[in-house]
Structure formats: structure tokens, C-alpha cells
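> In case you want the letters, here they are:
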Amino acid sequence: MSFFKKVFGNEKKSAASAKERLQLVLTHDRTDITPAQLEELKDELIEVISRHISIEPGAVNIDIAREGREQRLVADIPIKAAPRRGR
Amino acid sequence: MSAKIVTVTSGKGGVGKTTAIASLGIALASLGQKVVCIDGDIGLRNLDVIMGLENRIVYDIVDVVEGRCRLKQAMIRDKRVPGLFLIPAAQTRDKNALSPSDMIRLGNELRAEVDWVLIDSPAGIERGFKNSIAAADRVLVLTNPEVSAVRDADRVIGILEAEEKGSPDLIINRLNYDMVQKGEMLSTDDVLDLLAVNLIGVVPEDKSVLVAANQGMPVSLNKDSRAGQAFRNIAMRLTGKDVPFMDLEEKGGFWNRLSKLTGGN
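Chains as they are written, first to last, in our numbering: chain A, 1 to 87; chain B, 1001 to 1265.
Isolated chain B, as found in the complex (with noise of 0.2 Å):
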């Protein structure tokens, strides 16, 4: 085996990196891939939660590199699907614990040995983020249509491009539909005309990813979720098969309603 190793990041805090790994990594698995999940953020782990594997932490990233456990030991396999598996972050240490090379070291280790490495980047440009990406051979950056978030997108694109890590692809995260119709919030064109990357998904504002974090059953094991939906479709994406983007327009929504109502379209 030769896995590819794939961060997503994204500058601003907040905007879904973590739930973008753990529903990736489950889409991942269930299409039959080997797949490890590592938690970039030394000091405050979250991937753990989000994938509800909290109570079963016995080594972390940090104890593999200074070598305190093997690296199979420090691997939480995921019960619900085979072949996926966790690398949680140190919660008592901080960024300065790792070294891009120690990143570098186990990525190459880890190659061998599964499909897919997604690596959860911490939020901001400094250390950390520089960790994740230093075994990276694709980047995703992940956004949300909002101020804050594309310019801070923007910026870590940049960098990754001074970097000679190439031209990321994108995630737009948490779009609303009925806002877009609105005029009220950007849309899928208007990032991408700001941001000049290459979109590899869209994913809806779906209350039920919320849910699924509260249990620990990452999205995309949802079948009726629209945003567990866009995430199997960006897993697809990333296997290399072609998968038309969803239509994001929620039938019978308010808008829709409206609209019909008023005699436009």
C-alpha cells in the first residue's frame, strides 16, 4: 500500500474541519479503503469527540513520536466500519511537541501500512498548521461563505502556494441555500471567483451534523443527512471518480414556497 496523505485546513477556527475528517474518514472506510485519521491539534484534541472514540484513548501522536508506544498502539480502530482508524492529539502538550520531520517520519511510516492519512490541521498559519501540512501530497481548505472565513482562506492558500505544496482544492461548508436565493449570503460562484481554486465540494448547513457531533456518530454515517451526502460525495471525489455536485436546493423550502407564491422564478 500507498497512502495518500490528505489535510484539510483552513485558517479561521470554527468553520468544520474536524467533522470534514471524521465524515470523510467514514465515507473513506465504507467505500472498502484503509483509512487513519490523525488529530493535528496538539492541546485540543476534538477528532476523538467527533468521532465518539473518546473513551478508548490510551496513546496519543506525541507518545509515538517520542516513542512511549508503537504506532500501532497508538491506533484507534473505529468498530463501526472496518479499516478506520484514529491517531488522537496529545490533550497536555502544545504545537511545539511535533516537528514538520516528526510529521514527515510518520506519514512515511504510516504509507505502508493504509490507504488514506487525513490529517486534521489546527486552526491558524503558525506551527501547527505547518505540521499538518508537512507530509501533506494534497491539501483541502475548507470554508465557509462568509467574510471572515474566505479571507482567511485566502490567505492560507497563498501560503500553501509559496510553499510549493500546489493549488489546494476547496470545501464550501454550512451554505445556505435559501440565504444564497436571497442575495444574502455568498455564493458557491462568488468564492470561487474570489478564491480561484478548484472546488471539490459543497457541502449544505444541516442541522444534523450538530447532532451527529453530540452523539459521536460522524455525518456521513447518516444516510438521510443532505451534509453526510456531500461528504460521500467528496470521498468519491478524492478516490478520483467523477461525482456531479448535489443539488442543494431543498424542495419545498421556504424559499422555493415563496417564490412559486409570488409568480417568479
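Chain A on its own, in the form it takes in the complex (with noise of 0.2 Å):
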């Protein structure tokens, strides 16, 4: 297989697609969530938390994680540095 690795080493199979493909459909057709929402609930959730925290909108990552048959929603946050005192 060595030979063929070397030269359509970067083709993507067509497996591979449809794996990814049917990760996002299964996740989507488990919880009814649509993509359109979860950037709806991400724009609110960066609105709440940022009333309290300071943090860095453009790097928020919201997504539904797959364990086995269960779906869980995780967010990734990323938090400001605090300014430092004494400047």
C-alpha cells in the first residue's frame, strides 16, 4: 500500500467523508439542534457572561460533543488576562 500512500497520500476517501458527515447528521438528528441555533445561543451566552467576566468573544467555542450514545454540550470559554497592577 506503501506506493499508493506516496501518491494519493492527500486525497481524501471517500469513507472518511462520509464518517464526518454522518458525525454531524447523527449528532444533529439525536438532539433536534440545529447549527443556526447554537450560534444563536452562543451570541446570548457571550452577551451574559460577558456582563460578569471579561472575556474573548472571537475565541468562544460552543459545540456538542458525541460520548457513545450521548450528547453533551461543552463550551470552551476563554477568559481575558486582568490587567496588571501596578503599570
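Watch out, some of these pointers could steer you wrong.
With a Cα cut of at most 27 Å, we get these calculated DSS-like pairs of lysine-lysine [claimed, not checked]: (1) B:K1012 with B:K1182; (2) B:K1130 with B:K1072; (3) A:K13 with B:K1072; (4) A:K12 with B:K1079; (5) B:K1072 with B:K1223; (6) B:K1079 with B:K1165; (7) B:K1079 with B:K1182; (8) B:K1034 with B:K1182; (9) B:K1182 with B:K1004; (10) B:K1223 with B:K1207; (11) B:K1223 with A:K19; (12) B:K1004 with B:K1207; (13) B:K1207 with A:K13; (14) B:K1034 with B:K1165; (15) B:K1130 with B:K1079; (16) B:K1012 with A:K19; (17) B:K1004 with B:K1072; (18) A:K13 with B:K1012.
FYI, nobody ran anything at the bench for these hints, they're computed from the structure.
Bear in mind that the values here come from a model prediction, so they are computed numbers and not experimental data.
Make one complex out of these two single chains by using the hints.
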């Protein structure tokens, strides 16, 4: 297989596309949450959290993670460093 | 006797449910078990032709439920293997001719008579599917390594869990090992990663399945068929035996030879 790997190494195989597409479709089928709803949720979360702590809005990431047949909402929200005192 | 009632379902049509039921029926009966296969696809019956028993139908499942015959009169004995019977579907009725409670009653009546009741579910997630799972102790979800079949299987698994039928076991049917090796077909691991249920068998794609259907001889009767062997293994796993999964690699297959030629592995 090494020869083919060298020649076609960068080409994405159809099974990999199938799996990736299915991961997204199944997440949507199981939760009934659309990417648009997720975006809306993200914007609202940013708004609420920003009222309390200083965060990086551009770096916020909200996603649905799969663990077996369970889905969970995972939010990754980087906090801005507190301004240093004494400057 | 207290039969186990097992339903095979899939969501999507044409993935091989009927072939699986016929093959598992033959295989379980060959192990000395008493088995009844029920065609749950009212209006679109096919288990009779796949089993090669289409010329012997007198009564069907709706006749039993509506009291036109006794249960035993609708059980067609398969003469090839002792202890195997078919209860055919009605062809000129629809899914509403039966209800889930009819199936539970029928299942309970059969429990006393046999070791296994295998129910062939129709495609879809409507009435016929609901009827087919009503009496089941155990559900096998059958899929092909292909996007629409996997998606529908996931939907069916979700419904089974919501109906508190417990987590089903998965059969992956028609896996083409060469294509998996080339990265052009979802692998067993891919499908398991997506569906996250217990695997009970992988059946390789095999031309002998069509030949078997042509002849009305379920493929598990064919000792040389790899698909037949895979179904025989699943039957043994159903009885609780721990059977190792088959090596799906076709010795001397095209990809194998090509891979050797090009010096990789």
C-alpha cells in the first residue's frame, strides 16, 4: 500500500467523508439542535458572560460532543487576562 | 419451553433483514433448537420466498389473529431442517390488520411451543415496526456500511431506547473488505464509533446471498458461503456462545495481491 499512499496520500477517501458527514447528521438527528440555534446560543452566552467577566468573544467555541450515545454541550470560553496592577 | 423473541429491524429497506431472519432461523434450527420465523411485513411478504416455502402457504398471521385458524395451522414446517417453522404475513392486508397487543398475545402463545421466535420487521418506523418490536425480548438492528442505512439505524436505535426496549445489538451486513481497505467503505470500527451499540456480527458482501435467494435456499444452508458462515456465527452468539469474529480478509483477493505487489501492508 505504501506506493499508493505516496501517490494519493493527500486525497481524502470517501469513507472518511462519509464518517465525518454522518457524525454531524447524527448529532443533529439525536438532539434536534441546528447549527443556527447553536450560533444563537453562543451569541447569547457571550452576552451574558461578558456582563460578569471579561472574555474573548472571537475565541468562544460551543459544540455538541458525542460520548457513546450521549450528547453533551461543551463550551470553551477563554477568559481575558486581568489587567496587571502597578503599571 | 420458554422462547426468546428476537426481532430484526433496520429502518431502511433493502439492507438484508429478511435474508438475516431466514439464515438465522436455519442456523438456530440446525443447532437443534425449535424456531418459528414470523414475517411481520403485512402486505409486502417476502420471507416465504426467501425461505422457499411460498407454495405451501394456506393460512397467515392475520388469519391466526382474526381467529380463522389455529396457531399451529399457520405454522409451515420447513422440511430441510427439523424444528423450523414459518408464519407468513398476509399479502392482501395492510399493517393495521395487526396491533402491538396482537403480537404480544401471539408471542406469549408461541413461547410455550418453541425455543426461538424470530420476527422480520418491515422497513420504516411506523405501525408495522411497532408491531414487530412489541413482543421482542431482544432486538437486532441490521445496517449496511453506507450513509443512509447507518443514519436510519441510528434513528431506530434511538426509538428502541426511548421505548425502553434496551440497547439493541448490531449486525453490519454487506461489508466489502476490499473497499474498506481502500478507504472507500465505512469500516466496522467506523460504524461502531457512530452508532455506539454492541456488535453481534459482521456479514461480508457475498454473491452467494443472491444465488440463495434465487433458489429459496437460505444462505446459511450453504457451507461454503462466507455470508452463511457469518450468519451461523451470529446464531451461535444468540445462544450465548462466545464465537470469535470472522477474518473478513479474502485470501488472494484483489487488494491483497495488489498490496503485496506494491510492497506494502
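> For this structure, which hints from the list above don't hold up?
Going through the list in order, the structure violates hints 3, 4, 5, 6, 7, 8, 9, 11, 12 and 15 and respects the others.
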